[in-house]
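**Student:** Chains as they are written, first to last, in numbering that gives the first Met the number 0: chain V, 0 to 328; chain P, 0 to 263.
Do not take every clue at face value.
What the hints assert, rightly or not - Stretch-level coverage of chain P by chain V, calculated; a stretch enters the list once three of its residues show a Cβ under 8 Å from a Cβ in chain V: (1) 6 to 14; (2) 83 to 90; (3) 93 to 100.
By construction, these hints were calculated from the structure, which means they are not laboratory data. Every residue, glycine too, gets a C-beta built ideally from N, C-alpha and C.
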Amino acid sequence: MGKVYNCWLIPVTVSNPVLVVDGLSKQYGPVTAVDQVSFSVSAGEVFGLLGPNGAGKSTTLDALIGFTEPTSGGGAVAGHDIVESSTAVRSVTGVLPEDCGVYEELTAVEHVELAARAKEVDSAPERLLGRVGLTEESWSRPAGGFSKGMAQRLRRAVALVGDPALLVLDEPLSGVDPDGIAELARVIEQIAETGVAVVFSSHDLPRVERVCDRVGILNDGEFVGVERLTGDRTTELILSTDTHPRSSALSELRALDGVEQVGWQDGGVHLTVTEPTAKAEAVQTLGSHTRVRDIRTRERSLDEIFAAYTASEERDDTDVATRREVTVS
Amino acid sequence: MSVRVVAGHDLRRIRRSRGLVGLVVVSLVVFVGGYLIGGLLGSGQDPASVVRVRLLAIWLVAGPTVGFVATVVGAAGLAGEREARTLRLLASLPLSRAQLVYGKTVARAGVITAAVTLGTFVSLTAVAAGTPVTSTGRLVGFAGFTLAVAVSYAAVGVAVSTVVSADRVRAVAVGVFVATLVWPRIMGFGVETFGSERIELLCQFLGTLTPFGAYSQVVSDSGAVLAYEPTSAVLGSGVMALVILAWTVGSLLVARHQFPKTAL
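Excised from the complex, chain V in its bound form (with noise of 0.2 Å):
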């Protein structure tokens, strides 16, 4: 059976979901850090949590594993609870936590071996550093002369150990060059092609773009939307006609499903179209009241999608009205 979550969503069924988050809220003193953040993410999904700084992105990833309890809410990893049990829920977790060191004292090879023994699994450190990157005779070298990129190779390896059916990855874009983001997509791509759910926050929108199936997006403290970024993805789909079409085309328009959003702009009909099999039916609605010269399609970009949902801070009746219900099957 499914579940059910309030939350600002297009409509999406998450099959098989490694991670629910139902509700989580943050206080820390008066300051509301994370509100009522609700989504889920499915095994193999790369799932982006996007915002700018102090949006609440690293609070709720905190909140997940376990390095911060949750005033409300909660959720669960691989049916973990993350509050009950976040211990169990770190056993099936790999996280990369931002701004983290490595021991210098320790070889590469004792890191992996460190995690393989708290999570009581055999350790193959070798075939877990050879994954990440690390050239073999930097496997025995005390982390401490580990360049950064080398280190975070080495975090990687440390979050890959007991092949976790979750990874959380806080903020791992940032202060890596374009070589290493590419190389870092690549391997989250991997990752999620072996079933893993990949969680990751960011603020660096266009980097993300070009890992995330789907991105959640916080703005102060508030999840504000869910956007797809791969197979049925939001797109605008602009109806040049010859004329301004009256107001009840347009009204029918925006009844139909999988449309959000209906304008008219420069000789054309332009709408948000979340469900494919809406274009079909928005062409032959539009065509019954006037002539369609051109059908265009437009991938919006995240830069857009993120602008939309952060630009204004009061959302009127009819945004409210967008807010869906997600069911979890």
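With the hints as your guide, set chain P onto chain V.
**Tutor:** For chain P alone, coordinates are given in the frame of chain V:
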């Protein structure tokens, strides 16, 4: 099991950083130094007095040093991880906060114990060898209480590191240690000031309520510095052992309670 993982990990780090070697050197210097100073002070006296002076000197030199070093080493366990930004890496593993606290305490107390054991063994063996009149029981008690107080201060250090922010840990740890060091002396003024026997006994007892106070009451010479004639059971070695144990257990409970609230 996971306490063992944390303790083993911390011990490996301490070994690699040559921390254990440093502690052993400090321990040997202060214990042997105390022994030698005692020898100088007691020269020319009868054998029993020489033993008395040697033990007093060892207590006076090694006791505060052991407490100080143990507190700082204990405090550095979690604070050091925080400073090196490795605490988040360690905490990202399936280890509970309690396991982190206990593991660190076991490791830190372990290295202190190893170092102090060597120092006490060398110095007390020298005392016993030099003066056959020495009571073996007294020497064993001296060694046992020295180790116990070292473990207790290591636990105090760990507790401080869970209560205070990383940048203030060392200063506060030293402050707490100094407070426990001077507390018996402050109570000593009460003992000297008040005439009433009951108040005098109360002040004597209150003075033993720190690890160093309890340790001094047992290993220092009765009637000498910071040690009173055990005129009541509350000044006996059993109660003093309980005081030191209470500080150890209490510190661990504080650490266990506070660490989950600490920002990583």
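**Student:** State for each hint whether it applies.
**Tutor:** A quick look at each hint next to the structure:
1. For the segment 6 to 14 of chain P, the stated coverage by chain V is satisfied: 4 residues place a CB nearer than 8 Å to a CB of that chain, which reaches the threshold of 3.
2. A count of 6 residues in the segment 83 to 90 of chain P with a Cβ less than 8 Å from any Cβ of chain V is obtained; the coverage claim is therefore met, three being the minimum.
3. For the segment 93 to 100 of chain P, the stated coverage by chain V is satisfied: 3 residues place a CB nearer than 8 Å to a CB of that chain, which reaches the threshold of 3.
Hint check: no violations occur; every hint is consistent with the structure.
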